[in-house]
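S.K.: Residue numbers (our numbering): 1 to 138.
Calculated from the structure, these hints are not laboratory results.
Predicted model, so just to flag it, every value in this text is computed and none were measured.
Think of the CB as a built atom: it goes at the ideal place given N, C-alpha and C, for glycine as much as any other residue.
Wrong hints could be hidden among the right ones.
What the hints assert, rightly or not - Here are the simulated PhoX-like cross-link-like pairs (lysine-lysine), alpha carbons at most 20 Å apart as the crow flies:
{"hint": "1", "residue 1": "55", "residue 2": "75"}
{"hint": "2", "residue 1": "55", "residue 2": "135"}
{"hint": "3", "residue 1": "55", "residue 2": "68"}
{"hint": "4", "residue 1": "135", "residue 2": "68"}
{"hint": "5", "residue 1": "135", "residue 2": "94"}
{"hint": "6", "residue 1": "75", "residue 2": "124"}
{"hint": "7", "residue 1": "123", "residue 2": "55"}
{"hint": "8", "residue 1": "94", "residue 2": "75"}
{"hint": "9", "residue 1": "75", "residue 2": "135"}
{"hint": "10", "residue 1": "68", "residue 2": "123"}
{"hint": "11", "residue 1": "55", "residue 2": "124"}
{"hint": "12", "residue 1": "123", "residue 2": "75"}
{"hint": "13", "residue 1": "115", "residue 2": "94"}
What the hints assert, rightly or not - Restraint ranges, calculated between C-beta atoms of paired labels, are given here:
{"hint": "14", "residue 1": "20", "residue 2": "101", "range": "57 to 63 Å"}
{"hint": "15", "residue 1": "6", "residue 2": "45", "range": "54 to 60 Å"}
{"hint": "16", "residue 1": "40", "residue 2": "63", "range": "32 to 38 Å"}
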Amino acid sequence: MMELTEDFIKILQIIIAIIGALAIFLIFVNYNIIVNFNEAERNALLLGDALLGSKCLADIDLNGNAIKGLFLEEKLNSIAIDKSCLSSKYKFGKITVEADETWEIELGEDKKTVKTTLAVAVKKTTGEVVMGEVKIEL
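Starting from the given sequences, assemble the full structure and let the hints guide the process.
M.R.: Pasting the structure below:
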């Protein structure tokens, strides 16, 4: 009877060790996925923040500073044709500006696993300001 109990305890110890090793493995895998996703999401937000204040797209005040979040229609039209102003700083991603019209700027191929949307205003050539949004895909 005593041997059966010792064998049973050894089996339980082995089972507990296997479950513990499996749990530690799953924790590390899950942590790695969360860290990678958060890094991509952070990069999308950083790109969005940089675009909102970019002189390539935004209106310029009297001091020569970009007005963050106010895009000019003329700049959007020109950047959709010639994206060299943005592509020198940002190497990948897709930017879509939607207001009355839609402008798409493809900066290079990437996985496009993260999407971020930010509010923006677009100043039309007529002087009218319309609300829109910037969608960033990385």
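S.K.: Decide, hint by hint, whether the structure agrees.
M.R.: Now for the hints, and whether the structure bears them out:
no.: 1; hint: 55 x 75; result: holds, 9 Å
no.: 2; hint: 55 x 135; result: holds, 18 Å
no.: 3; hint: 55 x 68; result: holds, 9 Å
no.: 4; hint: 135 x 68; result: holds, 16 Å
no.: 5; hint: 135 x 94; result: holds, 8 Å
no.: 6; hint: 75 x 124; result: holds, 10 Å
no.: 7; hint: 123 x 55; result: holds, 14 Å
no.: 8; hint: 94 x 75; result: holds, 17 Å
no.: 9; hint: 75 x 135; result: holds, 17 Å
no.: 10; hint: 68 x 123; result: holds, 12 Å
no.: 11; hint: 55 x 124; result: holds, 16 Å
no.: 12; hint: 123 x 75; result: holds, 10 Å
no.: 13; hint: 115 x 94; result: holds, 9 Å
no.: 14; hint: 20 x 101: 57 to 63 Å; result: holds, 58 Å
no.: 15; hint: 6 x 45: 54 to 60 Å; result: holds, 58 Å
no.: 16; hint: 40 x 63: 32 to 38 Å; result: holds, 35 Å
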